[in-house]
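A.B. asks: Kindly produce the complete structure, drawing on both the sequences and the hints.
2 protein chains.
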Amino acid sequence: MRVELINTGSELLLGSVLNTHHHWLAQQLTHLGYTLAHQQTVPDTGEAIQAAAAEAIARAELVIITGGLGPTGDDLTRQRIAELLDLPLEEHAETRDRITAHFKNRNRPLHKTILVQAQVPAGATVLRNDHGTAPGLALPTPRGWLILLPGPPRELRPMFTQAVAPLLAEKLPPENPITTRTLKTIGIGETTVEQRITPALTEWIAAGLEIGYCARAGEVDVRLTASGEGAAECIAQAEAIVREKLGPQIYGVEDEQLEEILIRKLTASGQTLAVAESCTGGLLAHRLTNVPGASAVFLAGHCMYSNAAKQNTLGVQPETLAEHGAVSEAVARQMAEGARAKHSADYALATTGIAGPDGGTPEKPLGTVFIACATPEGTEVASACFATDRETFKQMVVQQAMNHLRLKICK
Amino acid sequence: MRVELINTGSELLLGSVLNTHHHWLAQQLTHLGYTLAHQQTVPDTGEAIQAAAAEAIARAELVIITGGLGPTGDDLTRQRIAELLDLPLEEHAETRDRITAHFKNRNRPLHKTILVQAQVPAGATVLRNDHGTAPGLALPTPRGWLILLPGPPRELRPMFTQAVAPLLAEKLPPENPITTRTLKTIGIGETTVEQRITPALTEWIAAGLEIGYCARAGEVDVRLTASGEGAAECIAQAEAIVREKLGPQIYGVEDEQLEEILIRKLTASGQTLAVAESCTGGLLAHRLTNVPGASAVFLAGHCMYSNAAKQNTLGVQPETLAEHGAVSEAVARQMAEGARAKHSADYALATTGIAGPDGGTPEKPLGTVFIACATPEGTEVASACFATDRETFKQMVVQQAMNHLRLKICK
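Quick mapping for you: the protein sequence lines, in order, are chains C and W.
First residue of the first sequence: 10, per our numbering; consecutive thereafter.
First residue of the second sequence: 10, per our numbering; consecutive thereafter.
Hints are computed from structural coordinates only; laboratory data are not their basis.
Keep in mind that a hint or two might mislead.
Put simply, identical chains are the same to the list, so a pair is met inside one copy or across any two.
Said to hold, decoys possible - Derived SDA-like pairs (lysine to any residue); straight-line CA-CA distance at most 25 Å:
1) Lys-254 x Asn-116
2) Lys-121 x Lys-254
3) Lys-121 x Gly-227
4) Lys-121 x Thr-211
5) Lys-121 x Asp-230
6) Lys-417 x Arg-273
7) Lys-121 x Pro-208
8) Lys-254 x Phe-112
9) Lys-113 x Thr-397
10) Lys-121 x Leu-96
C.D. replies: Next comes the structure, spelled out in structure tokens:
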């Protein structure tokens, strides 16, 4: 079964916007057992959309097109696809009523052009949009199905999960489903991971196991893939071997995030956390508070950029700042202990470092960081140096900080 | 002149890796005056690469292919392109010597397979790789040029800037450069933006002006594009009209971020900022501290999830919390004024709201938020309701909060 993706949008070809749809949909499809054979980006012109769709429909069983379903003049996908498939556009009453109610509930005027989104090609299966106005559409083609999805990610993603995935399972079940398992590691390089695990997996590789590596800043995902009969057993055995070889350096599976693991564990044990950030500038608190229910265990975060704030918020000693500097083990320790004490938290994390692009010195080069983890048993401070750009630095420090706490509380 | 991009890599089609090459190269090409007409991703198979290249070369003057130039078994681009163009592979002595020296300097063993990277199609212009082993290649085609670039971003990017851009300027100068201008708006819907500006732009649209819209949560980018003689004048006039129609709802241009605008303005005026966050959970501080040099004006951020933290950090009154609840105008005001006073800052922003997925009530439904902006002239509190998912809610509130401050300080 051939699967193709067409992303429409001149902004993608001009480089104004990063194509996250391609990445996200490819992940979902892989997870469901489909392999994307081709992806292309075409501009917002009717001709380009129509030509790409015609070619893709002629060679693929499943074609997904993103974007161009909105109400403005450059939204041409619905109309041009209806033309291509020779289907008249008809008003879909339920969609018209939903859009009308959407505007009424928000006290916003309903311009007539908005209702163009309720026009759907005859015979289309309408995919309800619970996060916006334009519905998605599923259309039968001579070889299989054509799916049209709206451009905004917060509309496209739930629509794919709630409507497209079940439709595919029913209408186009994957022929030779693959089983995949992703194990997420932190703190070891890609080559080291590979050298530690492949010798033990030789037998399974010969039997068809595929291993993929995806390296990000400070982390490596190990993706195990197998297909056919015995795939589940193969993956289970291979996972056990990888876990034995990498031990606690595996922090999660699939798309699990460190913050989810921490909040879940703290919630289960009824314990609490506070954080004190300097160089990570709020990112640690942001990541933790992305998890629904974080408020039950995350008490407070302080982002203290100025020395005055470090003193007046968490009682970092002026003498410590003067003697060791703000980027030091001693200050990291006082920040973590200050945050833990102030909020009567069970645990506290603190970060202080040099994010750059300026501020490095010969003794404390750019990227130097101290990460403190205060617990009921005492405080530990780790140091590292991540010489990279400012945003990557913040991300790497936050991952390391969360990993320190994970190693303390997930045993 | 038609320009196409082919990204090779099965990992892109499996969703393991985000295609940042497409985004980055599209930006560079647009900046140099070329418009990407088509982008596609193909798997690492010789057939797929060769077929996509053959089609692209037949219809485009400039074709860029990324990836597949390395030394391993799945690196097939160089060989398959040589076959396609019927060119023999020959050893490039300078590249062979550079690779040999690269390994010798690093005391790493030079496997024979590595030197396959010194094999280049006869007649190719070799693009030196200063950050890795595989060189890039530029090959003349019947219609123009084919450029092959290595996959790793830290090799591809400097090679494009240092070698490809000058080669294009000499061999394929842009014939009809386009001029684009992106104006970023906040707080108005896509349809409203379109209806306010298009009637006034009719004349320019007839003369070739193209208008594109890109909607994100709470924001709409308006992209003006023109080409040919008079393009710059057309864009300048159109921009003036759009600015007149949308006024202060335009917050920036091109890829400018609100946080950059705020930090730049505060730095210029020598003023300072502190923030107090509840529902945005650190994201406001994170965004502000992403800007290099933020430490000169951003003093501190507090993310106070618990009521106790709201009281003991910024002096929110227990009676206010009891009477109005944590999500209230009164608490937002006390948070902002508390942060401003504690850090002797010129300005302070505060957010308190219901991010969800739980916690809504009939009086304060999910998505309710109060945003306070404390200034030397007093404190203003705005309320809104963004009924959406947790992460989008945080982003929308942070944009609104920064926009409040922008409207105060950028006049």
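A.B. asks: Using 25 Å as the alpha-carbon threshold, which applies to Lys-121 and Gly-227: within, between, both, or neither?
C.D. replies: Intra 52 Å, inter 21 Å, cutoff 25 Å: inter-copy only.
A.B. asks: Quick one: Lys-417 to Arg-273, C-alpha cut-off 25 Å, is that within a copy, between copies, both, or neither?
C.D. replies: within (14 Å within a copy, 41 Å between copies)
A.B. asks: Is it within, between, both, or neither for Lys-254 and Phe-112, if the alpha carbons may be no more than 25 Å apart?
C.D. replies: between (56 Å within a copy, 23 Å between copies)
A.B. asks: State whether the alpha carbon distance between Lys-121 and Asp-230 is at most 25 Å within one copy, between copies, both, or neither.
C.D. replies: between (49 Å within a copy, 22 Å between copies)
A.B. asks: Taking 25 Å as the upper bound on the Cα-Cα distance, should Lys-121 and Thr-211 be classified as within, between, both, or neither?
C.D. replies: between (64 Å within a copy, 20 Å between copies)
A.B. asks: Could you figure out if Lys-121 and Lys-254 sit no more than 25 Å apart (CA to CA) within one copy, between two copies, both or neither?
C.D. replies: between (63 Å within a copy, 21 Å between copies)
A.B. asks: Which holds for Lys-121 with Pro-208 at a C-alpha limit of 25 Å: within a copy, between copies, both or neither?
C.D. replies: between (65 Å within a copy, 16 Å between copies)
A.B. asks: At most 25 Å between C-alpha atoms: does Lys-254 with Asn-116 qualify within a copy, between copies, both, or neither?
C.D. replies: between (59 Å within a copy, 22 Å between copies)
A.B. asks: Pop the pair Lys-113 and Thr-397 into one bin, within, between, both or neither, using alpha-carbon distances up to 25 Å.
C.D. replies: between (49 Å within a copy, 17 Å between copies)
A.B. asks: Could you figure out if Lys-121 and Leu-96 sit no more than 25 Å apart (CA to CA) within one copy, between two copies, both or neither?
C.D. replies: Within. Shortest intra-copy distance 23 Å satisfies the 25 Å Cα cut-off; inter-copy 59 Å does not.
Of the hints listed earlier, there is not a single one the structure fails to meet.
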